[in-house]
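Colleague: Sequence:
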Amino acid sequence: MQTYDIGLVPGPVSVPPELRAAYQINYGSADLEDEFLRLYQRCETHLGKILATRNRVVIKTGEGMIALWSALKSVLRPGDKVLAVANGVFGYGIGDMAQQLGMEVEVVGFGHDEVPDPQQVREVAKRFRPRLVTAVHCETPSGTLAPLQVIGEVCQEVEALFYVDFVSSGGGVEVLV
-5 MQTYDIGLVP GPVSVPPELR AAYQINYGSA DLEDEFLRLY QRCETHLGKI LATRNRVVIK
55 TGEGMIALWS ALKSVLRPGD KVLAVANGVF GYGIGDMAQQ LGMEVEVVGF GHDEVPDPQQ
115 VREVAKRFRP RLVTAVHCET PSGTLAPLQV IGEVCQEVEA LFYVDFVSSG GGVEVLV
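If you're matching positions, the sequence shown starts at -5 in the numbering used here and goes up one per residue.
Incorrect hints may appear among the rest.
Using 20 Å as the maximum straight-line C-alpha spacing, the simulated EDC-like pairs for lysine to aspartate or glutamate come out as follows [what the hints assert, rightly or not]: (1) 54 - 12; (2) 120 - 147; (3) 75 - 38; (4) 54 - 38; (5) 67 - 90; (6) 120 - 107; (7) 54 - 25; (8) 75 - 57; (9) 120 - 168; (10) 54 - 98; (11) 54 - 74; (12) 75 - 29; (13) 120 - 98; (14) 75 - 147; (15) 75 - 153; (16) 67 - 29; (17) 75 - 98; (18) 75 - 168; (19) 75 - 27; (20) 120 - 100; (21) 75 - 28; (22) 43 - 151; (23) 67 - 100.
Taking CB as the label site, the calculated pair distances span [unchecked claim]: (24) 72 - 161: 22 to 28 Å; (25) 33 - 63: 22 to 28 Å; (26) 20 - 135: 44 to 50 Å; (27) 105 - 27: 46 to 52 Å; (28) 168 - 50: 16 to 22 Å; (29) 168 - 15: 47 to 53 Å; (30) 25 - 50: 14 to 20 Å; (31) 168 - 22: 33 to 39 Å; (32) 170 - 137: 26 to 32 Å; (33) -5 - 72: 41 to 47 Å; (34) 9 - 168: 38 to 44 Å.
Hints are computed from structural coordinates only; laboratory data are not their basis. For each residue, glycine too, the CB sits at the ideal point set by N, CA and C.
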């Protein structure tokens, strides 16, 4: 079989001297600069105030799914029990994500434009005894808001962590952490 060398880079391109010179300037690395660190810490502080929390706030850069995956992976181990409160695409999706990570998942399912019933969540949580309960504050397609206060109380009753996706409601609707 005959093979051919293929340059897998754009070009060939001749780079003008002024561009080569610009590449030699050290602009620093934003995540290592003192100015960036001060700005990041200010943002953490302000976000903590918006969320009414004294807990540590961590800002993830990237799209919302990065934060959702990393939050699951940072507090769970394979085999942990997860109760997914689902009333739309993202609620059911978070249950699927936990299952893909090897968790034992039970879903309390509701219609895609239905508000989750806290009493039903309470009954399942008391029976299932999850390590983590997940809920979506605002299901993006329908705009339906979940009753986080009451679901949070259920989490306290069963001593479960509470994982809330508020990607589409953050900054638009009050979320008290």
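Colleague: Against this structure, judge whether each hint is valid.
Modeller: Tested hints:
1. 54 - 12: Violated: residue 54 and residue 12 sit about 36 Å apart, past 20 Å.
2. 120 - 147: 12 Å, holds
3. 75 - 38: 30 Å, violated
4. 54 - 38: Roughly 11 Å between the alpha carbons, so the hint for residue 54 and residue 38 holds.
5. 67 - 90: 13 Å, holds
6. 120 - 107: 25 Å, violated
7. 54 - 25: 13 Å, holds
8. 75 - 57: 26 Å, violated
9. 120 - 168: Violated - the C-alpha atoms of residue 168 and residue 120 are around 28 Å apart, more than 20 Å.
10. 54 - 98: 26 Å, violated
11. 54 - 74: 24 Å, violated
12. 75 - 29: 42 Å, violated
13. 120 - 98: 16 Å, holds
14. 75 - 147: With a Cα-Cα distance of about 18 Å, the restraint between residue 75 and residue 147 holds, given a limit of 20 Å.
15. 75 - 153: Within the cut-off at roughly 12 Å; holds.
16. 67 - 29: 30 Å, violated
17. 75 - 98: Status holds; Cα separation ~5 Å.
18. 75 - 168: Not satisfied, since the Cα-Cα distance of roughly 29 Å exceeds 20 Å.
19. 75 - 27: 41 Å, violated
20. 120 - 100: 12 Å, holds
21. 75 - 28: It is violated: about 41 Å lies between the C-alpha atoms, which goes past 20 Å.
22. 43 - 151: The hint is violated at about 26 Å.
23. 67 - 100: This hinted pair holds, its Cα atoms lying about 17 Å apart.
24. 72 - 161: 22 to 28 Å: 25 Å, holds
25. 33 - 63: 22 to 28 Å: 25 Å, holds
26. 20 - 135: 44 to 50 Å: 46 Å, holds
27. 105 - 27: 46 to 52 Å: With a Cβ separation near 49 Å, residue 105 and residue 27 satisfy 46 to 52 Å, so the hint holds.
28. 168 - 50: 16 to 22 Å: With a Cβ separation near 20 Å, residue 168 and residue 50 satisfy 16 to 22 Å, so the hint holds.
29. 168 - 15: 47 to 53 Å: The hint (47 to 53 Å, Cβ to Cβ) holds, given that residue 168 and residue 15 are roughly 51 Å apart.
30. 25 - 50: 14 to 20 Å: 18 Å, holds
31. 168 - 22: 33 to 39 Å: 38 Å, holds
32. 170 - 137: 26 to 32 Å: For residue 137 against residue 170, whose Cβ atoms are near 20 Å apart, the range 26 to 32 Å is violated.
33. -5 - 72: 41 to 47 Å: 44 Å, holds
34. 9 - 168: 38 to 44 Å: The hint (38 to 44 Å, Cβ to Cβ) is violated, given that residue 9 and residue 168 are roughly 52 Å apart.
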